[in-house]
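**Student:** With chain G's structure known, arrange chain L on it following the hints.
Chains as they are written, first to last, in the UniProt record's numbering: chain G, 1 to 251; chain L, 1 to 195.
Fair warning: there could be bad hints in the mix.
[As the list claims (entries may be wrong)] Here are the in silico distance ranges between beta carbons for each label pair:
1. Ala-91(L) - Tyr-240(G): 30 to 36 Å
2. Lys-146(G) - Lys-123(L): 43 to 49 Å
3. Ile-58(L) - Asn-237(G): 22 to 28 Å
[Unchecked claim] The calculated lysine-lysine pairs, modelled on BS3-like cross-linking and capped at a C-alpha distance of 30 Å, are:
4. Lys-162(G) - Lys-93(L)
5. Lys-85(L) - Lys-72(G)
6. Lys-243(G) - Lys-123(L)
7. Lys-123(L) - Lys-119(G)
8. Lys-158(G) - Lys-123(L)
9. Lys-133(G) - Lys-19(G)
10. Lys-93(L) - Lys-119(G)
11. Lys-119(G) - Lys-104(L)
12. Lys-67(G) - Lys-185(L)
13. Lys-72(G) - Lys-188(L)
Keep in mind that the hints were calculated from the coordinates and are not lab data.
Predicted model, so just to flag it, every value in this text is computed and none were measured.
No residue lacks a Cβ here, since even glycine has one placed at the ideal position from N, Cα and C.
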Amino acid sequence: MLTKRIIPCLDIKNGRTVKGINFLDLKDAGDPVELAQKYSETGADELVFLDISATEERRKTLANLVKEVAQKINIPFTVGGGISSIEDVTLLLQNGADKVSINSSAVKRPDLINELATKFGSQCVVVAIDAKKINDKWVVHLVGGKEPTTLDLFDWAKEVEKRGAGEILFTSMDHDGTKNGFANGALSQLSEWVNIPIIASGGAGNTQHFADAFIQGKADAALAASVFHYQEIEIPNLKYFLKDKGIAIRI
Amino acid sequence: MKIAIIDYGAGNIQSILFALQRIGIEAVVTNNWKEIKNADKVIFPGVGEASSAMEKLIESGLHILIPTLKQPVLGICLGMQLLCKSSEEGATKGLGVFDVDILKFSNSVKVPQMGWNTIYQLKSSLFEGISEYEYMYLVHSYYAPKNSYAIAFTNYETEYATALRKDNFYGVQFHPEKSGVYGEKILKNFITMTN
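The shape of chain G in the complex, shown without the other chains (with noise of 0.2 Å):
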């Protein structure tokens, strides 16, 4: 049986890991590809990085933290932060990533979608969807949240769907950084609306949040940053837990 997966996010700033509360107060918090090995042996089943500095060397900093974390990790992950052509993609996936994640520039050019999707093919193409809930509609935020379009989420879903996404990366603003659990009822019906896979984003505090999320919000998978780096939930912990709910989790 297919089974749900545990994926850590790494936020990564000049090629280190960095920990704060949305992206304020960033702290250094030590080297990616040591914290990367520690996630893949306890029991993590993907990774993603998400790159969030601004200098003018961040592609060639990241393209060499994305091979050696190629080299030594052997499960799969995903590289997200700042990719908006094909360019950009070729130089990870040519470094050892498995899997890229858009988000602004596939709102901003949908076009990417397809172009990445015909030339590197569908499993390797995340698209991440930061929305918040107005006035009963979920409207899809760009610059973590800062920006609202005009795009509602399950219009915008179905798009990235048809343009050749592989997977919907789905951070729900209203939740993230709560603790307060994921967004299950937005994730179910997305889960529903869409049929490729869903990774839900953004509200984790304890184990029961990411049961939550896979049985009321049918998510394929569960992502969760700070309460994996700050050592609230080990990854082992949780698998079992998970398990023992009768949850298909891989151990």
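**Tutor:** Chain L only, in chain G's frame:
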């Protein structure tokens, strides 16, 4: 020991190269006939869309060479599918090593299948040291239905052939290079197998 990874512009070759390095094996990435022919083991990777991958294979002429190889050959993911007779994806004619028609998963399940699933009824030295129902990482929208070449199965929508063998040809739908230590073990088994 010479290991050749076939380069025809349609595979995540880097991941396979790195996985081999992790288990201490050097390989060459090549589209050179002589180098491929003289290798002790050949790995035939592939990701992406079947018909365009097949076109690239034909452009390089490797579609003629590959079915004639005599040493152990391992097709991975799309590589395995291209070793089959045909694929529903882009109505592609494959290399025909395995007399199997690749089909698409229906919409009753999420497509692609993406993530870790089990492999079972393991029937080959390729799986030496691997337990029944071990987890492997898979990403695919098309699959090989049950057939007489099957040496392992996975269940997603239906029970399908997740690994194939005919003589010196092996194919795996999953990604051993991305499937943790047990995936690396399968690669090691392939590299060290005697024909």
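**Student:** All the hints need checking, so say for each whether the structure fits it.
**Tutor:** Right, here's what the structure says about each hint:
1. Ala-91(L) - Tyr-240(G): 30 to 36 Å: 46 Å, violated
2. Lys-146(G) - Lys-123(L): 43 to 49 Å: 56 Å, violated
3. Ile-58(L) - Asn-237(G): 22 to 28 Å: 51 Å, violated
4. Lys-162(G) - Lys-93(L): Given that 30 Å is the threshold and the Cα spacing comes to 25 Å, the pair holds.
5. Lys-85(L) - Lys-72(G): Since the Cα atoms of Lys-85(L) and Lys-72(G) sit roughly 36 Å apart, the hinted pair is violated (cutoff 30 Å).
6. Lys-243(G) - Lys-123(L): 28 Å, holds
7. Lys-123(L) - Lys-119(G): Violated: Lys-123(L) and Lys-119(G) sit about 36 Å apart, past 30 Å.
8. Lys-158(G) - Lys-123(L): Violated: Lys-158(G) and Lys-123(L) sit about 41 Å apart, past 30 Å.
9. Lys-133(G) - Lys-19(G): Answer holds: Lys-133(G) to Lys-19(G) is near 26 Å, not above 30 Å.
10. Lys-93(L) - Lys-119(G): 20 Å, holds
11. Lys-119(G) - Lys-104(L): 20 Å, holds
12. Lys-67(G) - Lys-185(L): Distance ~22 Å between Lys-67(G) and Lys-185(L) Cα, so the pair holds.
13. Lys-72(G) - Lys-188(L): Holds, at roughly 17 Å.
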